[in-house]
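When you get a sec, could you build the whole thing from the sequences and use the hints?
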Amino acid sequence: MQRLFASRVVGKACNRRAAMIHANALRRASSNAGQEPYLKGDDTHFGFETVAVNEKEGKVREVFESVADSYDVMNDLMSGGLHRYWKDHLLDISAVASMSDAIRQYPGKELRILDVAGGTGDVAFRFVDAAQCMERSISSGEDPISVTVCDINPEMLRVGEKRARERFGSDLIDTSKALSFVEGNAQSLDFEDNSFDLYTIAFGLRNVTDVDKGLREAYRVLKPGGRFMCLEFSQVSDPILRQIYDTYSFNVIPEIGHFVANDRPSYQYLVESIRKFSNQEELVFRMEKAGFELAKYSNLTGGIVAIHEGWKPLE
Amino acid sequence: MLRTRSSTYKSSSPSSTVIIHDRFFATIADTAASDAAAAAPEKMSGMSDQKRRLAQAALQQIPKYGWTQDALTSAVMEDPQMSVSMTGLWTPIELVNWLMDDWNSQLQEKQIHDSQRMSAFDAIQWRLQQVIPLVKASRWHEGMALGLSTPVTTRSQLHDFVELAAPKDATMAYKTGLGSIFLSTELFMLTDSSEDFEATWEFLRNRLTELDNGKMVHFVDMNQIMSTISTGAGNLSSSGSGTNVPIAAASAIASSLLEGAASLLRPPTRSSTSHRSGTKASDYKPK
Numbered sequence: 001m002q003r004l005f006a007s008r009v010v011g012k013a014c015n016r017r018a019a020m021i022h023a024n025a026l027r028r029a030s031s032n033a034g035q036e037p038y039l040k041g042d043d044t045h046f047g048f049e050t051v052a053v054n055e056k057e058g059k060v061r062e063v064f065e066s067v068a069d070s071y072d073v074m075n076d077l078m079s080g081g082l083h084r085y086w087k088d089h090l091l092d093i094s095a096v097a098s099m100s101d102a103i104r105q106y107p108g109k110e111l112r113i114l115d116v117a118g119g120t121g122d123v124a125f126r127f128v129d130a131a132q133c134m135e136r137s138i139s140s141g142e143d144p145i146s147v148t149v150c151d152i153n154p155e156m157l158r159v160g161e162k163r164a165r166e167r168f169g170s171d172l173i174d175t176s177k178a179l180s181f182v183e184g185n186a187q188s189l190d191f192e193d194n195s196f197d198l199y200t201i202a203f204g205l206r207n208v209t210d211v212d213k214g215l216r217e218a219y220r221v222l223k224p225g226g227r228f229m230c231l232e233f234s235q236v237s238d239p240i241l242r243q244i245y246d247t248y249s250f251n252v253i254p255e256i257g258h259f260v261a262n263d264r265p266s267y268q269y270l271v272e273s274i275r276k277f278s279n280q281e282e283l284v285f286r287m288e289k290a291g292f293e294l295a296k297y298s299n300l301t302g303g304i305v306a307i308h309e310g311w312k313p314l315e
Numbered sequence: 001m002l003r004t005r006s007s008t009y010k011s012s013s014p015s016s017t018v019i020i021h022d023r024f025f026a027t028i029a030d031t032a033a034s035d036a037a038a039a040a041p042e043k044m045s046g047m048s049d050q051k052r053r054l055a056q057a058a059l060q061q062i063p064k065y066g067w068t069q070d071a072l073t074s075a076v077m078e079d080p081q082m083s084v085s086m087t088g089l090w091t092p093i094e095l096v097n098w099l100m101d102d103w104n105s106q107l108q109e110k111q112i113h114d115s116q117r118m119s120a121f122d123a124i125q126w127r128l129q130q131v132i133p134l135v136k137a138s139r140w141h142e143g144m145a146l147g148l149s150t151p152v153t154t155r156s157q158l159h160d161f162v163e164l165a166a167p168k169d170a171t172m173a174y175k176t177g178l179g180s181i182f183l184s185t186e187l188f189m190l191t192d193s194s195e196d197f198e199a200t201w202e203f204l205r206n207r208l209t210e211l212d213n214g215k216m217v218h219f220v221d222m223n224q225i226m227s228t229i230s231t232g233a234g235n236l237s238s239s240g241s242g243t244n245v246p247i248a249a250a251s252a253i254a255s256s257l258l259e260g261a262a263s264l265l266r267p268p269t270r271s272s273t274s275h276r277s278g279t280k281a282s283d284y285k286p287k
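These protein sequence lines are chains A and B, in that order. The opening position of the first sequence corresponds to residue 1 in full-length UniProt numbering, with each subsequent residue numbered one higher. The opening position of the second sequence corresponds to residue 1 in full-length UniProt numbering, with each subsequent residue numbered one higher.
The hints are simulated quantities; they were obtained by calculation from the structure and are not laboratory data. Treat the hints with care, since some could be wrong.
Unchecked claim - Subject to a maximum C-alpha distance of 25 angstroms in a straight line, what follows is the list of computed DSS-like cross-link-like pairs (lysine-lysine): (1) B:Lys64 x B:Lys51; (2) A:Lys223 x A:Lys177; (3) A:Lys296 x A:Lys276; (4) A:Lys87 x A:Lys223; (5) A:Lys87 x A:Lys276; (6) B:Lys64 x A:Lys109; (7) A:Lys289 x B:Lys51; (8) B:Lys64 x A:Lys296; (9) A:Lys223 x B:Lys51; (10) A:Lys59 x A:Lys276; (11) A:Lys223 x A:Lys40; (12) A:Lys109 x B:Lys51.
Said to hold, decoys possible - A short list of chain A residues far from chain B (calculated; beta carbon distances all over 10 angstroms): (13) Lys59; (14) Tyr71; (15) Tyr106; (16) Gly141; (17) Glu142; (18) Pro154; (19) Asp171; (20) Val182; (21) Asp197; (22) Pro239; (23) Asp246; (24) Glu309.
What the hints assert, rightly or not - Listed next, with one range per pair, are the computed distances between beta-carbon atoms: (25) B:His113 x A:Glu135: 18 to 26 angstroms; (26) A:Thr247 x B:Gln130: 48 to 56 angstroms; (27) A:Asp193 x B:Gln108: 37 to 45 angstroms; (28) A:Glu192 x B:Lys110: 45 to 53 angstroms; (29) A:Tyr106 x B:Glu202: 43 to 51 angstroms; (30) A:Asp193 x B:Glu195: 51 to 59 angstroms.
Positions of the beta carbon are idealized from the N, C-alpha and C atoms, including for glycine.
Structure representation (structure tokens):
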């Protein structure tokens, strides 16, 4: 039912796409958004606050440490369950199910997926299910399909790994190694060049201090022909929907955070950080600047979130 | 007999500009769903070339896998240069849209020289010949149904095609008739089992003769047919009376059947080759 509702919202949004994209094209032509580096000077934004560049990472870490345990429940409450639909949609267009089927038919081939800022495993678990890694973990040996969850925050990883062991059992992590949890910073990933087929980052990129650097790292670790996908809150262009959305997010979300998690400031930050993040066009520019080709985005739910994608060219 | 009007025109039609314009915006609106890159002319890059190459390779897989992501993935896997995640360069719907655009572009190339401009019969026949491999594999009706899921694009592509296939001095009414004839012939073709689709070409020839002999409807305009296709709500036969028999009937059939195709024949997004649901041992249990 939720999904049906979401589809309708998206359907309506689709009807407006032509006009919106045309408007965006004009905006894109007249603005230089994205041309400038993400970080300028010594300060950056932390929600609506201005903080020193070197402080942001620690502050973001604090936020996610405090929300780790309630993160997924809060996502449900804040988005009315829509975040599930958005993540399902990411899974659909990622074609992980189709790729996994094919990979398993070609011995010697592998599919390596990196989910950055995916601490609690919400997106990674979808990949694991779609790729039928559970079924595969019964056989011996390592799975040719692997999903690596990378997060800067050990608390989030702890929650994710615990959930994974409860849900899939430990074979998946310890024996077939289809799923792993690695602590790491999106701006300086501890992986070799050209090592992943798919890089996803869901609701994480806006928390990265230097988004340009994060994108360059994504490009570096992807194999040639690899795909970058980012699911992130974005800018709502429809003025009426935007007003409703703003009212909801600035008034309701911090309250929910206060009552459910007893943590108003963290949820206040989540809301503010969305408004400070690049809009759809700007992020496309930044992706192109990092080297991605065929960079594009699709809006979901009127632009509340957008999925950006791009490919690392073949050599 | 078909009239050949093509040789009487020497200058290029201003409508070609319109065609490009229409297609340009339709593509932005529908396929790219937001393809920001489409807002500007797509820059030629390594990946763009690969994307086109993948589309062509994927077509070879459609008979086996249908219009599914698996067809694209399979094409990627069989190309040693490509990386598996490149399957995401297309969705099946985008592939159908691309194909229709590509056929229109090829036809545009062919029709560029007025002196060699094909007759309406030749142009429609050429266009229908492109789908023969897919019709033979019983996959084209699925492709048509997928195309209808993006009605704005499909409508504009059909409009482009008719502009390219019609003689240059054709009236709007003639083009409307031609559009209906093309659609009904395409539907006729789906069930044609005659050798080399002779029955289809005969059907096409007869409908065009009727059109040329003036047995056509002057009051059914192209937009009406097009909007019928996209909404499925229209009933063309009610819009006129008397003399409109062949064309109105054809367009009504075309629109209702296409709508039927859209609702009934839309293919699954994944192929079923890996999940065959044949007879199981349990089916033989005594009741």
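In ascending order, which of the hints set out earlier in this document are inconsistent with the structure? 8, 11, 15, 21, 24 and 25
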